[in-house]
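There are 4 protein chains.
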Amino acid sequence: MVINMAPGFTEEQLQHVIDRVKECGFQPHVTRGTERAIVAAVGSGGARTALEALGAAPGVDSVVPIAHPFKLVSRQTRGERTRVNVGGVIIGGEEAVVMAGPCSVESREQLFSTAIAVKAAGASILRGGAYKPRTSPYDFQGLGTEALKLLRQVREEIGMPVVTEVMSTNDIGLISDYADMLQVGARNMQNYDLLRQLSKCNKPILLKRGPSATVKEWLLAAEYLLAGGNENVVLCERGIKSFENEMTRNTLDLAAVALARQLTHLPVVADPSHGTGRRDLIAPASRAALAIGADGLIIEVHPCPERALSDGAQSLNLDEFATLMKGLHAPIRALVSSPATTVSPR
Amino acid sequence: MVINMAPGFTEEQLQHVIDRVKECGFQPHVTRGTERAIVAAVGSGGARTALEALGAAPGVDSVVPIAHPFKLVSRQTRGERTRVNVGGVIIGGEEAVVMAGPCSVESREQLFSTAIAVKAAGASILRGGAYKPRTSPYDFQGLGTEALKLLRQVREEIGMPVVTEVMSTNDIGLISDYADMLQVGARNMQNYDLLRQLSKCNKPILLKRGPSATVKEWLLAAEYLLAGGNENVVLCERGIKSFENEMTRNTLDLAAVALARQLTHLPVVADPSHGTGRRDLIAPASRAALAIGADGLIIEVHPCPERALSDGAQSLNLDEFATLMKGLHAPIRALVSSPATTVSPR
Amino acid sequence: MVINMAPGFTEEQLQHVIDRVKECGFQPHVTRGTERAIVAAVGSGGARTALEALGAAPGVDSVVPIAHPFKLVSRQTRGERTRVNVGGVIIGGEEAVVMAGPCSVESREQLFSTAIAVKAAGASILRGGAYKPRTSPYDFQGLGTEALKLLRQVREEIGMPVVTEVMSTNDIGLISDYADMLQVGARNMQNYDLLRQLSKCNKPILLKRGPSATVKEWLLAAEYLLAGGNENVVLCERGIKSFENEMTRNTLDLAAVALARQLTHLPVVADPSHGTGRRDLIAPASRAALAIGADGLIIEVHPCPERALSDGAQSLNLDEFATLMKGLHAPIRALVSSPATTVSPR
Amino acid sequence: MVINMAPGFTEEQLQHVIDRVKECGFQPHVTRGTERAIVAAVGSGGARTALEALGAAPGVDSVVPIAHPFKLVSRQTRGERTRVNVGGVIIGGEEAVVMAGPCSVESREQLFSTAIAVKAAGASILRGGAYKPRTSPYDFQGLGTEALKLLRQVREEIGMPVVTEVMSTNDIGLISDYADMLQVGARNMQNYDLLRQLSKCNKPILLKRGPSATVKEWLLAAEYLLAGGNENVVLCERGIKSFENEMTRNTLDLAAVALARQLTHLPVVADPSHGTGRRDLIAPASRAALAIGADGLIIEVHPCPERALSDGAQSLNLDEFATLMKGLHAPIRALVSSPATTVSPR
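Chains as they are written, first to last, in our numbering: chain E, 266 to 611; chain L, 266 to 611; chain X, 266 to 611; chain V, 266 to 611.
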């Protein structure tokens with residue numbers, strides 16, 4: 266932390282800051298400029314938050330953090346990248362993983378036909394919502410336990426691990442019995458009660474980035490899971506809110522995928538369905554996500570998107586998904602083979 | 266809903282949309298333009314979500330909602346504004362209400378001294394956090410039950426109703442025993458499990474706007490509470506995330522206060538502490554909030570902000586709060602008394 | 266500037282940074298932490314930008330600015346607040362100033378009737394667009410010189426100073442002949458060519474904040490004007506872009522009005538028409554702007570908004586404007602007169 | 266356009282809207298719902314803006330545009346994609362184009378060494394700033410004419426076409442004499458005076474997206490160029506402003522690259538230097554941009570980034586650029602080769 270004294274600070278105010286830094290368990294190092302002074306608080310034993318409160322001390326302009334606030338998720342903490350085993354499928358290994366399936370589980374037929382198709386096309390994990398977070402209380406809220414049972418049936422008959430969202434701490438035990446991976450939805454990324462409970466469960470977690478979460482806040486949400494004891498965490502970028510929400514539902518922040526992979530040892534996947542909100546952008550965004558280094562993708566697929574009970578407009582049908590999978594590894598466009606050797610003189 | 270056909274749509278595609286609109290329980294009204302056509306879905310008996318999925322039907326460009334999606338919170342639903350009774354204090358009446366107190370309850374002395382001071386200055390409800398949602402798992406998480414007990418003591422000894430945040434469905438019963446009003450924090454605004462449980466409790470709810478929630482999403486979160494049976498809801502604007510987060514922590518969206526009061530019958534208050542994140546802006550922002558029509562304010566106050574265990578940089582000390590209260594009703598700056606009667610000729 | 270070394274930096278890398286800081290004309294002060302080190306660059310004679318480039322030096326994590334980058338606009342530079350004289354009307358004095366008029370000048374009759382009405386209602390400066398920045402090339406682009414002539418006629422016959430937007434450096438001379446104040450529109454806030462030319466003209470400037478400009482960028486745009494020699498600058502907050510753009514066109518950042526008045530000596534006004542984009546929010550937002558300390562308002566008024574050639578949906582008609590002016594100084598809502606003295610025991 | 270009547274509208278208000286729609290040159294089609302009514306305005310002969318103003322008519326809730334407002338840039342207008350010839354290099358053809366070079370031209374040696382290196386690595390167009398838009402008036406503003414001369418020398422000696430930014434209408438003629446392509450910077454995207462003048466020049470234009478421009482606003486800025494007669498326009502996505510600006514300078518909106526290529530016939534390139542603001546993210550973001558379909562890249566390269574007079578922290582050095590170019594076409598990560606055939610039963 267660097268405490269930045271305001272122009273016109275007094276010696277007494279500076280001394281007070283120095284004293285408080287010591288009280289908080291750090292060593293103060295003062296640097297004086299022409300108009301200002303800064304006090305760097307050095308050491309690791311003290312209380313970071315206590316230093317932040319010094320922003321309220323007289324003569325202080327601002328308190329600037331220097332080190333990253335996350336620890337266990339940091340790439341520096343661990344020598345190698347974490348691999349998360351989801352029912353036998355490894356996320357974070359050399360190969361990328363595709364999770365696919367309907368937004369909501371709607372019926373046995375819908376789920377089975379989707380699972381068979383996405384597996385045939387190359388997906389390795391089945392997604393499907395049993396409990397749905399919906400903006401309006403009047404929208405379809407998911408089939409609940411019935412959906413969980415269908416997911417388990419498909420899981421066993423088709424042989425695909427299953428990921429589904431958990432919205433309530435009361436459902437953690439139940440869902441853990443049915444699914445191979447539990448998803449924390451974007452709106453619950455900072456539901457710390459849920460994170461704390463999930464840190465104690467023995468299932469891998471798919472942690473979606475909140476729509477207005479900075480990368481730092483996202484990694485600190487993961488830190489809650491690791492700090493509580495659950496190291497099997499997969500991060501998922503799913504689009505953030507920006508001013509551009511007319512043409513695309515969210516803004517897919519693909520650079521954050523690369524950045525999160527640099528800063529942490531955790532696997533990072535991307536969700537081009539929510540990330541763009543448009544069926545016609547899912548395929549190109551999927552290619553870009555893999556090109557930037559994502560460890561996998563999660564994609565909404567429905568046998569008949571226009572009849573889907575949720576998220577139809579951003580779901581692919583079965584054929585479209587198969588086409589997308591085939592195109593994922595098409596070679597990237599070549600560069601102009603040789604630069605123009607001459608330009609016209611003037 | 267208006268279904269907007271894409272340029273180049275076929276008659277077959279249009280007919281399909283017409284059929285689906287009927288299936289969904291609406292009457293389709295088609296208007297043909299030069300290149301496009303729109304299908305308006307009329308009626309109130311059908312499934313709105315089903316229409317939305319038509320965005321995935323062939324030949325459809327977009328589906329545009331026309332009516333607002335919220336019902337019970339709508340101003341049109343009720344003849345008069347809702348007044349919420351918080352332990353005898355009315356929010357939403359003719360007079361504005363000030364809630365004040367520390368971000369976190371830290372000790373008996375801290376809470377008592379703050380309560381006495383803010384009451385003397387004119388605040389009518391005491392705020393204080395027992396369970397704190399913190400971005401980092403390593404930061405102070407609140408005193409929990411101990412804080413609840415202190416809140417109850419102060420409540421009874423000083424005679425001020427109390428509002429405190431609830432983060433977990435498991436705590437609703439406990440906190441209801443101690444507090445007069447339960448706060449849903451900004452990060453939990455779309456924690457639907459929490460909202461559903463709170464809709465069944467008999468305490469008033471202070472519903473903070475999420476940092477990336479549109480006004481529509483905020484009102485739909487309130488709709489969850491009303492739809493479940495709890496009509497005692499106070500909305501709270503507390504700043505949204507924007508690109509300006511260096512100089513101010515959030516962007517206080519005061520127009521949303523006026524807008525929410527137009528669209529709903531619920532009281533709306535503002536939180537200038539979180540809304541600006543700066544002690545020096547709390548007083549002017551408080552004045553502006555009242556001027557735009559807020560039914561009240563919620564302000565963080567601490568006997569010694571620079572020693573606060575959380576949010577010190579955006580807390581006022583006791584004297585500053587007293588000064589703020591005195592200034593709240595200072596007259597607004599007069600206008601230039603008479604327009605310049607002459608301008609210099611050229 | 267503080268140069269923040271990355272964890273794992275080498276002594277050689279640190280020495281290199283120290284050497285470069287000296288070369289750039291600053292004194293380096295090194296503070297070593299447990300894992301990191303920071304180098305504070307002290308002094309005022311060196312090149313700030315050169316230090317920024319050190320972000321690219323090996324072993325450097327980030328370069329953090331400490332002091333504000335603006336100078337002439339800074340409140341510390343000048344002992345008192347600047348008052349800007351616009352054709353005899355003072356902006357930045359004790360009284361607030363209202364500028365009002367049509368978005369675009371459309372006809373003599375439209376302009377005269379508006380000017381007479383807004384003056385009668387208490388406005389002291391007439392606004393009206395001659396050259397209009399329009400998102401689409403197919404929309405009405407303003408009457409140009411004809412509008413300027415009408416503005417001058419009204420100015421002289423009615424006796425109101427006039428403000429109008431300048432979009433092109435080629436028009437500065439011409440518009441200066443007709444108007445008392447030149448407006449830099451939000452989209453041109455970082456049109457540095459225009460700012461440089463305007464810094465040499467002898468007319469006051471109304472500098473609108475860009476829709477995605479931070480407060481710092483806005484003040485640095487003003488710095489261009491002052492650095493070039495024009496000290497008669499009025500800042501104008503007119504709403505920023507945020508994710509909430511369905512219900513309101515922009516997000517009016519009223520805290521930025523208070524903040525800009527703290528950081529600079531320049532007058533700051535607010536534009537509730539563009540800031541909200543809704544006729545029904547202009548009056549409450551105007552009150553709030555004055556309550557937060559704005560030195561004035563600029564409001565769009567049209568005799569018949571629904572026939573306006575631009576911005577009709579955010580313009581008031583003449584009666585609505587008169588009503589707004591009467592309400593501007595209505596007292597702010599009173600507080601609950603006394604806190605609840607008893608709360609019900611449990 | 267659809268005019269959406271507010272609940273409670275009167276027949277008189279509806280009739281008024283119908284009359285106005287006719288006056289504006291459109292045919293009104295009315296659809297009545299249970300509480301609301303909508304009036305669709307059909308036809309292409311009328312004034313779109315006049316309809317928008319109906320938002321101010323009594324009884325009207327909102328006016329919703331249905332068709333896209335852009336015409337000449339629309340993909341539907343032209344049968345095939347536009348190819349832009351920049352001094353012999355085609356942008357928008359089958360192969361992608363890399364533009365590279367320093368942010369600012371600083372010296373003959375700097376420019377030559379960069380040009381030789383980037384050409385050798387596979388770049389086909391040289392970028393280099395002569396006139397620099399800088400946030401602060403105290404930062405390096407570019408070498409101006411001297412830089413233009415150096416660009417021409419390099420252009421002819423090395424045989425690479427050159428792109429450079431134009432900030433002032435007064436410089437268009439001069440820069441056209443020296444460069445093969447003129448860049449409109451992000452801050453000038455809505456500088457309509459500049460766009461209008463450039464629409465009359467005979468050089469290709471690189472039109473950067475503004476930091477807060479929606480895709481629609483960006484395409485309408487291009488529409489200004491085409492409407493004025495210049496069809497040689499290349500769109501450039503360079504990152505937008507979002508709340509995440511601590512870890513990355515901007516948010517690179519790669520989905521907008523795919524979207525702009527769908528909506529228009531113009532080539533679209535990406536700028537990963539400005540788009541991320543981080544040297545370590547330029548390579549992965551470049552790969553992703555090509556994977557999503559970009560017609561090219563523009564990348565900042567400097568022989569010694571830590572001594573660059575501008576944008577050092579987001580510039581690659583010569584070796585890093587060569588490495589990036591080699592990696593651009595590395596195959597995308599393979600998928601998990603076969604889905605898990607069995608999952609463990611419970």
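Take the hints with a grain of salt, since some may be wrong.
A pair holds if it fits inside one copy or across any two, identical chains being indistinguishable in the list.
Stated by the list, open to error - Below, simulated DMTMM-like cross-link-like pairs (lysine to aspartate or glutamate); rule was C-alpha separation at most 25 angstroms, straight line:
hint	residue 1	residue 2
1	K481	D326
2	K414	E359
3	K287	D404
4	K468	E374
5	K465	D436
6	K414	E374
7	K465	E288
8	K481	D404
9	K591	E360
10	K414	D284
11	K591	E496
12	K481	E345
13	K414	D442
14	K481	E496
15	K468	E359
16	K481	E585
17	K336	D326
18	K336	D436
19	K481	E300
20	K287	E496
21	K287	E421
22	K465	E300
23	K414	D326
24	K468	D284
25	K287	E300
FYI, nobody ran anything at the bench for these hints, they're computed from the structure.
As a check of your reading, is K481 near E496 (CA-CA no more than 25 angstroms) within one copy, between copies, both or neither? Intra 18 angstroms, inter 37 angstroms, cutoff 25 angstroms: intra-copy only.
Checking K336 and D326: alpha-carbon separation at most 25 angstroms within a copy, between copies, both or neither? This pair counts as between: shortest inter-copy Cα distance 17 angstroms, intra-copy 28 angstroms.
Can you tell me if K287 and D404 fall within 25 angstroms by alpha carbon in one copy, between copies, both or neither? between (55 angstroms within a copy, 19 angstroms between copies)
When Cα atoms must be at most 25 angstroms apart, do K468 and D284 count as within-copy, between-copy, both, or neither? neither (46 angstroms within a copy, 45 angstroms between copies)
Quick one: K414 to D284, C-alpha cut-off 25 angstroms, is that within a copy, between copies, both, or neither? So K414 and D284 fail the 25 angstroms test inside a copy (61 angstroms) and across (33 angstroms) alike.
For K591 and E496, with the copy left unspecified, which applies at a CA distance of at most 25 angstroms: within, between, both, or neither? For K591 and E496, the Cα distance exceeds 25 angstroms both inside one copy (33 angstroms) and across copies (36 angstroms).
Alpha-carbon proximity between K336 and D436, which holds within one copy, between copies, both or neither at 25 angstroms: neither (29 angstroms within a copy, 29 angstroms between copies)
Homomeric proximity label, K287 with E300: Cα distance no greater than 25 angstroms: Close inside one copy (24 angstroms) and across copies (19 angstroms); limit 25 angstroms.
Identical-chain pair category, K465 with E288, by Cα at 25 angstroms: Answer is neither: 35 angstroms inside a copy and 46 angstroms across each miss the 25 angstroms cutoff.
Between the shortest in-copy and the shortest cross-copy C-alpha distance, which are at most 25 angstroms for K468 and E359: within, between, both, or neither? within (22 angstroms within a copy, 47 angstroms between copies)
Copy assignment of K468 with E374, given that the CA separation must stay at most 25 angstroms: Neither: 27 angstroms inside a chain and 44 angstroms across chains, both beyond 25 angstroms.
When no copy is specified for K465 and D436, does a C-alpha distance of 25 angstroms or less occur within a copy, between copies, both, or neither? Answer is both; intra-copy 14 angstroms and inter-copy 19 angstroms each pass.
Of the hints listed earlier, those the structure fails to meet are numbers 2, 4, 7, 10, 11, 16, 18, 20, 21, 22, 23, 24, in rising order.
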